[in-house]
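Protein chains in written order, with our numbering: chain F, 1 to 220; chain W, 1 to 289; chain P, 1 to 240.
Hints listed in this document are in silico derivations from the structure and should not be mistaken for laboratory results.
If you're wondering where the values come from, they're calculated on a predicted model, not measured in any experiment.
Simulated pairs of lysine to aspartate or glutamate, EDC-like, Cα-Cα distance not exceeding 16 Å: (1) W/Lys74 <-> W/Glu247; (2) W/Lys159 <-> W/Asp112; (3) F/Lys171 <-> W/Glu55; (4) F/Lys210 <-> P/Glu121; (5) W/Lys74 <-> W/Glu35; (6) W/Lys142 <-> W/Asp163; (7) F/Lys171 <-> W/Glu53; (8) W/Lys210 <-> F/Glu184; (9) F/Lys7 <-> W/Glu53; (10) W/Lys208 <-> F/Glu184; (11) W/Lys139 <-> W/Glu169; (12) W/Lys52 <-> F/Asp11; (13) F/Lys210 <-> P/Glu65; (14) W/Lys52 <-> F/Glu184.
Reference listing, derived: stretches of chain F covered by chain P, where coverage requires no fewer than 3 residues with Cβ under 8 Å from a Cβ of chain P: (15) 71 to 79; (16) 172 to 186; (17) 202 to 215.
Partial list, computed: chain F residues near chain W (C-beta under 10 Å): (18) Asp11; (19) Arg85; (20) Gly88.
Yeah, the Cβ is synthetic: ideal placement off N, Cα and C, and Gly gets one too.
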Amino acid sequence: MAIFDYKVIVDNLPFLMRGLITTFQLALIGISGGLALGILVGMARLSSRPYIYYPATLFVNFLRSIPLILVIFWFYFLVPIIAGRPLGDFLSASVAFIVFEASYFAEIIRAGIQSIPKGQMQAALSTGLDYKQTMRHIIIPQALRNMIPSLLTQSVIIFQDTSLAYVIGLKEFLRSASVVDAREVRSLELYTFVGIVYFIFCFTMSYFTKKWEAKKGMAR
Amino acid sequence: MRKDYLKILVIAFILLFPLSSFAQGTLEKISKSGEFVVGVRDGAIPFGFISKENEHVGFSVDMAKEFHKALEKKLGKPIKLVFKTTNPKTRIPLVANGTIDIECGSTTHTVDREETVDFTLTVFLTGTQILVKKGSGIKSYKDLAGKKVGAAQGSTNEKAIRDLNDKGEIKPAANIVVYQEHSQGFLALQRNILDAYVTDGILLAGLKAKAPNPEEYEVVGGFITYDPYAYIVRENDSKFRDFINIEIIKMIKDGRFYQIYDKWLGPKGVVPYPMSEEFKILLKLQAWP
Amino acid sequence: MLAYEFRWSVLWEQPYGLWMLQGIWTTIKLGLISWVFALLLGIIVGTCRITPWKPLRFLATAYTEFFRDIPLLVQLFFWYFAAPRVLPSAMESYLYRQLPQAEFWITVIALSIYTSSRVAEQIRSGLQSIPQDQFHAALSTGLTYLQMYRYVTIPLAIRIMIPPLTTEFLTIFKNTSLAMTVGVLETTFMSQQIEAYTFRGLEATTGACLVYLAITMLVVSGMGLVEKKLAIPGLIARGR
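Using the sequences provided together with the hints, build the complete structure.
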C-alpha cells in the first residue's frame, strides 16, 4: 500500500474544487466582515466612554479565550433556538467567522492606532482639526501602514481557519476531501493533496506579506 | 467588495433578530421561503449516502423527493428541494432549531427523542448488530469485551453498548470510539483502527455491500436493540406531520413505497433485504383508510 | 418563543458531570504535554533560524514555513489518517489498536509540530529584537561569548518572549478542541456528547465555554505573576 494513486484526486477534482471555492468564499467573508466589525470594536476599545469601552473589551476578551469550534457550534445549533429562525451551514459559519475574527482584528487595530506617537494627535489637534478628522486623515492612514503586515497574517490565519467548518459538515475543501476518503479510502493521497494546496496558497500570501513589509517600512 | 461585506453584515445581524418565531407551521414556512430543506445522511447505506457522482442518493432520499412532489402540489407552486447533510448527532438539533424541515435518513423512533421532536409513521424495522472483519472471532456482543468498538455519536447503538458496559454485561468493558458518521467508522474498521463497528443491521449490510471487498466482512450477533425507523419533524406541528404521514400512506396504498423499497432493498437493489412478515403487516396496518 | 427548558444540572449530574471532568482533564493533559514538546522543538528550530550556517538556516526556515502554512486540522487528519498508511500494515494495526490512546498521542504529535513552528518564529523574532549594543557592551566588559549568553542574552530573550509565548500557550489549549474530530474525549467532545444524550445544547456548550475561559484566566494571571517576578525595571517599556 505504498503506491501513490493520483487517480482518486483527478476523478474527484470537480467536487474537490467546489469545496475549495467554498473555502475561498468563506475566507473572503470572514476577512472582510471581520475587518469591518474589527475596526468598530478596535476603536471602541480606545474609547473613554465606559459604556462603549467595557462591552467591547468583554467581547474581545471572551472571544479570544474560546476555541473557534465552539463559536461555530454556537451559531449553527444554538443561535437558531434563541433567534427563532435557522441560519443554515454556510451563513452560520460566516457569522461565526466574522464575529470570531473581528475580535482578533480589533486587537491588531487597537495596537496599530496606539503605536502612533501621541505627538501626532497633539499636533493635529493644535492645528484645529477635531478628533474625528484627526483619526480619519492623520492617525488611521499611518496606523494602517503599520498594521498591514499583521492584518495580512491574520487573513492567512482566517483562510486556514475555514477548515474548521468541517465540524458542521460544510462542504469546504477539507470536508470534501474526507467525503471522498470515506468512499475511496485513499487517505494518503487526499490529505497530502489538501495539505499541499493549502500550503501553496498560504505560503504565497505570506511571501507577499513579507515583501510588502520590506518595501513599505514602518511609519515612525 | 465593501458593499458586499456591508450587506452580509447587515443581513447577518438582521437574521440574528427573531423575525418569526416557530409559531408558524412548517407548511407556512416552506410556502413563504419557497424551499423544502431536507436533512439526509451521507453514510447510511442504503437509506442516505453519497454516490460516485458525489450526489445524495438512497431510499430515504427518494422518499423525500416524493414528499417534495406532493408539497408542490399541495402548495400549488414550485418549491426548491434542498438537501442538507446530517449525522446521528446533528439530526435532532437541526430539526428542532428549524435549519431543516424534515430529516429523512435512518433515525430510530424512541420515547426519549419524542421529548424534543416528533416522528412520522414507521418506514423500516431493524436493530443493532455488529460488523466485523471475517476471522475476528467476535460472534455476539459478549465478545466485544476489551475490544475497540466504533459507534456514531448520539445513536441508539452507541447508547446500547454503553448501557451494556455500565451494566457489566460486557466484561471487561468495550472501548467505545465515537464517530460522527457511519462512513467514518467503517473506514476505521477497514483500516483496522477498530475491532468492530456497531449500528443498525441494515446499515451494516449496506456498508458491507458498498465496500470494495465485501467478502472480508460479516454482520454478526442478534438484534441488540429494536430500531423502528421514522422521519423526524418538528415538535407540535400536526399539520405538517399529518401531511407527511398521509403521503406515506398514499405511497403504501398505490405501490410507490414498494417500488422505492425494491429499488434499494429489493433483490436487484444495493442491499437485498426481503421485507419481513412483521414489516409487511406493519405497513398494511399503518395505512389508515 | 423561547420554548426551551433549561436544565443546567446536566453539567454536574452523573454521569454527565463525570464526563465533563474527564474531558477537562484530557484537555489539560493534551495542552501541557504538547506545549512541552512544542517548546523544545520550537527553541531548537528557532535558534537554528539565525545560525550563520546556511543549510541549517534553510532547513529551519522550511520547517517553520511548511507547518505554519497548513491548517492544524489538516495536519491532524494527515497524521491520523494518512501518515500511518506508509507503515507496514502490521505496524499500522498495532498503532491503532494496541497502542493505548492512539488518538491522544497522534494529536500530541500534530499539535506539538504545528505549535513548534509558531514558537520557532517567536523565538527568532525575540532573539533578533535584542539590541545589538547589549552584545557589544557585554563583550567589551570582558565577558566571554558563553558568559554573554548566560548572563545577558538568555535572560533578556526570556523576558522579551514571555508575552508572545503566553499567547501561544493559550492558543495550544484552544487548539486541543480540534482533537474532538478524531475522537479524543476532551472538553469540547464531551460537551457534544452530553448534548447528544440530553439535547441540552445551550447548557453543554456554555459549560465548555466556561471551561476554556477558566483555563485562559488561570494562564493569564499565572503568567502575569511570572512576568512581574522576572521584570527588570526600565528594560522593556510598558504601554500601561
